[in-house]
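Quick one: dock chain against chain with the hints and give me the complex.
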Amino acid sequence: MKRVLVANRGEIAVRVIRACREHGLEAVAVYADADATAPHVGLADAAVRLEGDPPTGAYLNMDGLIEAARASGADAIHPGYGFLSENADFAERIDRAGLRFVGPPPAAIRTMGDKVASRRAMADAGVPIMPGTEGQSENLGALVKAAKDIPLPLMVKAAGGGGGKGMRIVRSARDLDDAVRAASREAAAAFGNGTVYVERFIERPRHIEVQVLADAHGRTLSVLERECSIQRRHQKIVEECPSPFVTPALRKEMSEAAVAAAEAVGYVNAGTVEFLVDEDGAFYFLEMNTRIQVEHPVTEAVTGLDLVRWQLRIAAGERLPFKQSDIAPRGHAIECRVYAEDPAQKFMPSTGVIARLRAPSGPGVRVDGGIYEGYTVTPHFDPLLAKIVTWGADREAARVRMLDALAETVILGVQTTVPFLRDVLAHEAFAGGDTTTDFIPVHLPEWGTSDEDVPDAVLAAAALVESEGRSPVVSAATSAPPSPWSRIGAWRIGGA
Amino acid sequence: MAFTYRVGDRSVDVRLQGRGADRVLIVEDRTVSFRVLRQDRDELVLELDGRVERLVAARTAAGIEVAWRGRTYRLATADQDAGPGAGSSVGGGDGRIRTPMPGKIVAVHVAEGDAVEAGQPLLVLESMKMQNDVVSDVTGTVTRILRELGTNVEFGDVLVEVTPAPSEDG
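Top line first, the protein sequences correspond to chains A and B.
Per my numbering, the first sequence runs over residues 1 to 496.
Per my numbering, the second sequence runs over residues 1 to 170.
Looking at chain B on its own, in the form it has when it is part of the complex (with noise of 0.2 Å):
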């Protein structure tokens, strides 16, 4: 069976043949054989490459999660977006500021109109008791402000749209 996974703004082509214990892995052009020491649901102990690790995975909205040695990969996979907000940047974005994550809005410092910096604060989120400042992902002018100050937001919503400016050199 193929997969392919997206791990930030790479993405990494996987097979896996074979059947019961001993398996391979095809990552990308190099073979992986494995051997299923045990596994319970998403709860799985391999060994491979002469070590035993232990690992638990679990389909979530997001794609799938894998807790190994302390970490947590998220794979996206194929048919899924990472999200809302997922890889952007300061300086790098479309101008569709959205909400990183559901909260109410305390704050409002911009209104329709205002030019306004990549990385400028436009409003305040307070989520989970902390206050987060929303900012801009590029450098233009205010067009729409599309939720009020007070407004309880979900994940995803569009909060203000900024208008990119012309680039310097172009």
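So here's chain A without its partners, still in its complex pose (with noise of 0.2 Å):
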């Protein structure tokens, strides 16, 4: 392998980019006609545009990713998240032009990817699995009737996706038909495909998910859990790892079901096993994400592993050199994910224009970013600006680091997340480690800043700024400057 074509953009284009630079080996970027001026292009060895309408196009189009990786000498592709990542066609079509995949094979993607098969892999081999519908139906009468039998409350899951999307939460049984027909209905919109099914649904469940690592020649290790409770739309917003709630014994346990459930599909490479866990302890699979999750940086933190170079190493053929008790957390590490959305407004996308752009520094803070100031954050793509990952000693040291650099970050232009993350940090729940996923609706529900007033140093810099007329209106036509995201050089935190 000496020449990786990253099919990919944003802030994960631009982390694959950096570990195929500190590998030795030479990057490829692809661009949409809207992502011309995007930091992972400038960063890269060489570039490619790729036709797409709408943009996302140009990313999840398989024909032209392999060509393009073709003409530019590339030998391999890593697929970052999303797009076409866990498409396990994509895997294959890549396998019989004779380039390396960097990800699992295409069998345990296309498992791990239908929802009820997964599931059937998962309780053969031992794995905990929720109770359920077994067979999927396109016939929507009879899954209800199926699913008559499971204790409420229930939820109803569309078997080709995530995110969020085809869900629903039934609590009554006469409620029930209505939900799997319009979870069905989003499925089919969302994923082109209709296909639901129905399980039994936690109160205050925690979202904790493994880390594996297996080489292609038998090696399995799991790489400590990360805690993901903290959602909002049944997406994450703070990843932690350990999980404050993970006891040694627990962990023991996850762990050893995380590595059976690799296994079961043959599995080669970085993935992540997600379970639903109970107030008591008990954990449930929900799925595996074969492929580099958004979250990695905690890990990484944690472990001193660089997962994405591993990912490379063991697509080149690598062994993996340690054991699974050379595995242990130094410390905590915390992510916030920054959104250009408006958390007053029900996370709405906000777009625009970043008008300045300040990251955080300092020991121990991390900023994986895809952002520039001038950067036009246009509806087309995923709305995650940049993710800031804080390492401290223990997890208090790692929260209070955390909230001063959400205090330092600055993005002007677009709303974001950052002054709902501090809330999130400052929370006494949180503090507590009271982390399950229903902590935002209970929490900070209604969560609004509009009632507070003006602080004077607020209304002093604004008059300032007004006096002088130095301050030009941005607007969509501003050039590029160099990138402050892609500047920050050193993205390994806490650790050698």
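FYI, nobody ran anything at the bench for these hints, they're computed from the structure.
Small disclaimer: the values here were computed from a predicted structure and weren't measured.
Beta carbons are placed, not taken as given, at the ideal position from N, Cα and C, and that holds for glycine.
Please note that a few of the clues may not be correct.
What the hints assert, rightly or not - The calculated label-pair distances, taken between Cβ atoms and stated as ranges, are:
1. B:Glu-154 to A:Asp-438: 31 to 39 Å
2. B:Arg-51 to A:Gly-192: 51 to 59 Å
3. B:Asp-40 to A:Ala-344: 25 to 33 Å
4. B:Asp-114 to A:Glu-446: 22 to 30 Å
5. B:Gly-119 to A:Lys-2: 57 to 65 Å
6. B:Thr-4 to A:Asp-278: 50 to 58 Å
7. B:Glu-154 to A:Ala-142: 40 to 48 Å
8. A:Arg-330 to B:Asp-94: 56 to 64 Å
9. A:Ser-361 to B:Ala-21: 21 to 29 Å
10. A:Ala-123 to B:Asp-94: 51 to 59 Å
11. A:Ala-431 to B:Thr-4: 57 to 65 Å
12. B:Glu-28 to A:Asp-278: 47 to 55 Å
13. B:Asp-94 to A:His-427: 33 to 41 Å
Laid out in structure tokens, this is it:
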């Protein structure tokens, strides 16, 4: 492996390109027209423009990506997360084209990508699964009938998707029929597959996932867990490693289950096994993400392992040189996801030009970003702007460091989740480790800042800037200065 | 120099006096003295009330944005409106339902002539891979649907017109 095409954009493309560099590999970026000035393009050794309408199409264009790899002399393709990262057909076509896919075998993607097939595989492997409808059913009436035997409350989910789409909670048996139909409609629109299934729903659960690394020579290791319970719209916004809830005994149990899950599908490369955990510590398989996760940096901070670099090394056929007993947490790390969203308006996406940008810095602070001052946040792509990760000797040290890092962060021009994240981190329930998936609706419902008085310092700054008349109005036509995010050199924190 | 800033539905009158480092800010009827320790373009270090404050400000289409201690304050200047949708709330609208963000209409739940409640979803807008309900801001009757299923819409476009029903007590 000498040259890797990175089939993605945004902060993860930047992250993968850096890993390629550090590993002595050349990186080829791809980009849609809307991304011609994006940071990942400028960081790569070569860049290939791809057609796409809407612009996401560029990153979903299998023929275009494989042709771009060939034309640019790449011998491997790293898919990042999202887009084609969990598309078994794409992985297969890359294999057939004589290139390496930096990810698991297509068969593992296919099994884990199907909620119903993966449940069966996990049950066979002895991994605990949630009580639910066993068979998938295109026949919604039959599904509703089968679901009547599962104790309430229930959760209706899409067989072919994720990210909260096609999901419904059912608390009363008479709502089941409507919920199944609505979820199926939503799933069909979002994933082109209206198949849904029904599971038992756990009140106040935690979402805890286990990172695994598997080489092609039969060694599968678990690399600690991540607590990912703080979610909005069923999507994660704060993650940490290790989980404040997991005891060494529970860690061992979950770790063994995760390894069994990976081995059951012949998994190779980095992957994540997600579990739902109830208040007694009973855990149930949710799904396996057959790719790198957004929140991988917290694991890197606490273990000192470079997970993206290990993806490249495993794809190149290297063996994992360490054992399960070598992996132990050192300190604690927290990640906050900075989205272009308005937390006061139900996290509605916010678009516009990044007028000012200041990233936090200092000991134990890492920022993975994909934006720069002058960058236009469009409605075409996922609104993740950057991830802030802090490491500390213990959880409280990491938490306090994060509060400071968020206070240092400046993003003007679009609404962001930064002020909301500060309130999450500052909340006594978070400080106490009482993190369950209902954290936001329970502790920060109807969040808003509009009725606060404007501090004198803010009024003084506004009046000064206006009186100087030095600040030109930023418009979409502003040309892009060099990116402060991409200039942040050392991505690794808290260790060698 | 005098300025009027609006935040939400409130407005604040501010006067800035002095030159160089030592300045005075008059907020309504209060006088606040402060010192400019550093001003580099829109990056400011002020000393105010015995504390050092770091701020970054920028003029944007919506007025002036100021970042301070992890919060962003959006101050609309006198001649600028905060934009469509700003400050609107369910039940208190004018029935002209506008696009809260650019996106594509992926579902339309109502037809012209339908009676709707305030807060009832009228259509679904997809933006940044997320589907969001666009709800009616009044109780009344749908009189016009101005954008069709599948249309790409811009921020502030009027999508649906709802004629408010006469209120019960009036």
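Going through the hints against the structure:
1. B:Glu-154 to A:Asp-438: 31 to 39 Å: Distance hint for Glu-154 (chain B), Asp-438 (chain A) holds at roughly 36 Å.
2. B:Arg-51 to A:Gly-192: 51 to 59 Å: 56 Å, holds
3. B:Asp-40 to A:Ala-344: 25 to 33 Å: With Cβ atoms ~31 Å apart, the hint holds.
4. B:Asp-114 to A:Glu-446: 22 to 30 Å: 29 Å, holds
5. B:Gly-119 to A:Lys-2: 57 to 65 Å: Given range 57 to 65 Å: holds, Cβ gap about 58 Å.
6. B:Thr-4 to A:Asp-278: 50 to 58 Å: 55 Å, holds
7. B:Glu-154 to A:Ala-142: 40 to 48 Å: 44 Å, holds
8. A:Arg-330 to B:Asp-94: 56 to 64 Å: 58 Å, holds
9. A:Ser-361 to B:Ala-21: 21 to 29 Å: Holds: the Cβ-Cβ distance is about 27 Å, inside 21 to 29 Å.
10. A:Ala-123 to B:Asp-94: 51 to 59 Å: 56 Å, holds
11. A:Ala-431 to B:Thr-4: 57 to 65 Å: This hint is violated: roughly 40 Å between Cβ atoms.
12. B:Glu-28 to A:Asp-278: 47 to 55 Å: 54 Å, holds
13. B:Asp-94 to A:His-427: 33 to 41 Å: Since Asp-94 (chain B) and His-427 (chain A) have Cβ atoms about 37 Å apart, the given range 33 to 41 Å holds.
Hint compliance for this structure: hint 11 is the single one not met.
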